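*Asks:* Here is what each chain is made of, one letter per residue.
Number of protein chains: 2
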Amino acid sequence: MEQFLSRRAASITPYQAGEQPQGSDIIKLNTNENPYPPSPKALAVLQSFGGEKLRLYPKPDGGVLKSAVAEVYGFDEDYVFCGNGSDEVLGLAFQAFFDENIVFPDITYSFYPVWADLFSISYKTVPLRDDFTVPVNELVGDGVVLANPNAPTGIALSLAEIERILQNNSDHVVIIDEAYASFGAGSVASLVPKNPNLLVVSTLSKSHSLAGLRVAFALGQPHLIDGLVRIKDSFNSYPLDMIAQEAAAAALRDTEYCAAMSAKVVSTRERTAQQLGELGFTVLPSHANFVFASHPQVSAAALKSYLSEHGIYVRHFNKPRIYDFLRITMGTDEQMDALIESIKGFVYSVSC
Amino acid sequence: MEQFLSRRAASITPYQAGEQPQGSDIIKLNTNENPYPPSPKALAVLQSFGGEKLRLYPKPDGGVLKSAVAEVYGFDEDYVFCGNGSDEVLGLAFQAFFDENIVFPDITYSFYPVWADLFSISYKTVPLRDDFTVPVNELVGDGVVLANPNAPTGIALSLAEIERILQNNSDHVVIIDEAYASFGAGSVASLVPKNPNLLVVSTLSKSHSLAGLRVAFALGQPHLIDGLVRIKDSFNSYPLDMIAQEAAAAALRDTEYCAAMSAKVVSTRERTAQQLGELGFTVLPSHANFVFASHPQVSAAALKSYLSEHGIYVRHFNKPRIYDFLRITMGTDEQMDALIESIKGFVYSVSC
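Residue numbers (this note's numbering), protein chains in the order written: chain A, 1 to 352; chain B, 1 to 352.
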């Protein structure tokens with residue numbers, strides 16, 4: 001029944017998200033979810049939400065959330081775009097700003113080449129250095145997209161390095177995808193006022209424990225926001241439902257709670273990295289809510305299978321340069337203790 | 001700052017949704033919202049929703065809603081696709097099934113040409129007959145999209161006429177966009193098992209009073225659903241948030257409530273059409289939750305302005321063939337009484 005597919009549908013290779021195993025006794029460390037609940041203020045919004053008004057359309061620009069983003073980041077509202085998760089915002093941005101010859105690292109969020117293919121945007125990838133850092137001056141093209149911290153490595157660039165990329169590409173849009181910025185790297189939003197080519201994309205999925213609500217936003221100068229709106233209004237006018245707008249706004253304004261939960265995740269990450277190091281793993285220096293680790297004597301694929309048999313899910317990418325690595329999301333300390341114990345069992349059995 | 005826009009962003013003309021005026025004392029009859037609240041069963045789901053689980057990603061296929069759709073329509077789950085409003089589902093379907101030379105009526109949902117332009121799909125429009133009915137046998141192309149009932153006319157085709165379109169285009173996908181099917185026309189989903197080229201797109205915005213929740217679905221044979229999934233998974237993996245999935249599923253299963261509210265809307269429509277007729281309006285025979293009406297002595301644009309000055313919002317399309325018409329959404333009987341009184345004031349002043 002291929003006959004009914006468009007040429008683009010027949011030719012693309014869709015993105016594959018991490019598996020979503022169900023069950024209360026599993027330990028799910030494979031899709032970078034936050035182990036802590038959303039802000040109590042967001043939960044209070046849900047409790048008091050008056051469902052009768054759902055008969056009406058929501059604000060098409062995600063206005064309720066937009067106000068909160070503007071307030072928290074200290075921008076005017078015309079610097080803010082809201083969308084249905086950062087995948088949607090990035091997918092719209094690719095359409096709004098890119099035609100051809102864009103660049104991104106060879107090892108990064110694997111959705112970037114998928115959007116490029118879907119929208120017929122040619123791209124070239126720039127190899128990360130051997131230590132998986134980004135060769136900043138090589139990222140030059142007719143458009144750049146960069147995750148900072150990068151995924152799945154967790155390695156972050158400094159503000160000065162991001163500025164260099166912006167300067168090296170001053171005639172083209174540079175998208176900084178900072179899904180993991182709250183876990184130590186910090187946002188590059190402060191660069192927006194001086195850089196008309198910078199679009200910062202952020203999501204509440206990880207930092208605010210709201211993966212289930214599908215909320216993200218972009219920050220950029222108004223001409224870039226207008227470009228995003230042009231594409232949104234040519235695809236789906238109202239991507240953010242009323243409840244998501246209100247709950248996300250409350251979560252975003254609760255900056256104290258976000259900081260406290262992020263600090264807990266960072267503390268767990270440092271502890272876990274040390275424990276993995278003691279077991280012989282190489283752990284890349286992460287500023288995200290995950291670590292990327294490999295072991296000289298252990299097959300990452302085999303360890304992943306072993307862990308899933310024991311109810312612990314981590315992510316393995318069957319790709320060149322990184323097939324020896326596992327990406328491990330930070331759970332609670334208790335969950336990470338269970339992970340370490342399980343890994344010990346496997347490592348010792350392999351080493352003996 | 002046009003320099004940063006892609007060629008597609010610079011060249012498109014976005015869809016313009018109806019305005020969303022705020023205020024409790026206005027009568028909003030311009031965006032086809034349902035005047036009655038969502039099912040109490042959906043509201044109960046909102047009340048009891050445990051927000052803690054929002055830290056996790058939702059089911060990527062909208063699984064909770066998918067089960068409900070399959071159950072209510074009597075299909076297997078692989079006949080169902082769920083999305084963020086019918087605009088998203090239609091936008092994905094255009095990408096999944098159309099390359100070039102698609103057809104739709106000259107007067108129809110004005111998003112169709114916008115998607116075609118955004119995704120570089122050539123199209124031709126088939127003029128409606130003078131009475132605004134669809135010339136069924138002329139709808140032949142490498143893909144068809146048809147709103148049934150049509151918008152903004154409200155006129156519906158019969159099941160037999162839809163079958164003829166399917167047969168006339170057996171090698172290409174025919175999308176039937178039935179956003180307004182619950183108000184008398186009925187669904188054409190019964191044609192899905194026998195027609196491998198039929199994709200039915202439905203939304204809960206109007207029929208289930210859930211415009212604020214952004215929920216829609218498509219029904220088709222599994223090869224078409226697979227095509228939609230390929231595009232979705234190349235654009236935005238998780239478009240439906242957890243709350244929307246659960247509340248929409250409860251609303252959809254409450255078929256009795258939907259039927260009762262739809263019957264009220266239909267009764268108001270028949271009453272309103274008669275009253276408008278008595279005032280000298282021509283009212284097209286509607287099977288939707290709106291009427292499309294024109295008056296031989298009254299400028300539609302002027303009446304629209306007059307009504308909005310009196311806090312009543314209706315929709316006027318400044319387009320060839322229909323600029324003498326207003327599209328009026330059905331509110332409650334009380335709201336329609338206020339509309340009729342207001343129109344009387346204007347019509348009498350113009351006629352005298």
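Hints listed in this document are in silico derivations from the structure and should not be mistaken for laboratory results.
Do not rely on the hints blindly, as some may be mistaken.
If chains are identical, the list can't say which one is meant, so a pair holds when it fits in one copy or spans any two.
As the list claims (entries may be wrong) - Here are the simulated DSSO-like cross-link-like pairs (lysine-lysine), alpha carbons at most 30 Å apart as the crow flies:
| # | residue 1 | residue 2 |
| --- | --- | --- |
| 1 | Lys-41 | Lys-264 |
| 2 | Lys-59 | Lys-41 |
| 3 | Lys-59 | Lys-304 |
| 4 | Lys-41 | Lys-124 |
| 5 | Lys-319 | Lys-194 |
| 6 | Lys-264 | Lys-53 |
| 7 | Lys-59 | Lys-264 |
Predicted model only: the values in this text are computed from it and were never measured.
*Asks:* Evaluate each hint against the coordinates.
*Replies:* Evaluation of the provided hints:
1. With identical chains, the CA atoms of Lys-41 and Lys-264 are at most 30 Å apart within one copy only, with a shortest distance of 19 Å there and 38 Å across copies.
2. In this homomeric assembly, Lys-59 and Lys-41 come within 30 Å of each other (Cα to Cα) both inside a single copy, at 21 Å, and across copies, at 24 Å.
3. Taking the shortest Cα distances, Lys-59 and Lys-304 sit within 30 Å of each other only across copies (22 Å), while inside one copy they are farther apart (44 Å).
4. When the C-alpha separation of Lys-41 and Lys-124 is checked against a cutoff of 30 Å, the pair qualifies neither within a copy, at 44 Å, nor between copies, at 51 Å.
5. Within a single copy, Lys-319 and Lys-194 get their C-alpha atoms no closer than 38 Å, and across copies no closer than 42 Å, so neither meets the 30 Å cut-off.
6. With identical chains, the CA atoms of Lys-264 and Lys-53 are at most 30 Å apart between copies only, with a shortest distance of 19 Å across copies and 37 Å within one.
7. Taking identical chains as interchangeable, the C-alpha atoms of Lys-59 and Lys-264 lie at most 30 Å apart only when they sit on different chains, with a minimum of 27 Å there against 35 Å within one chain.
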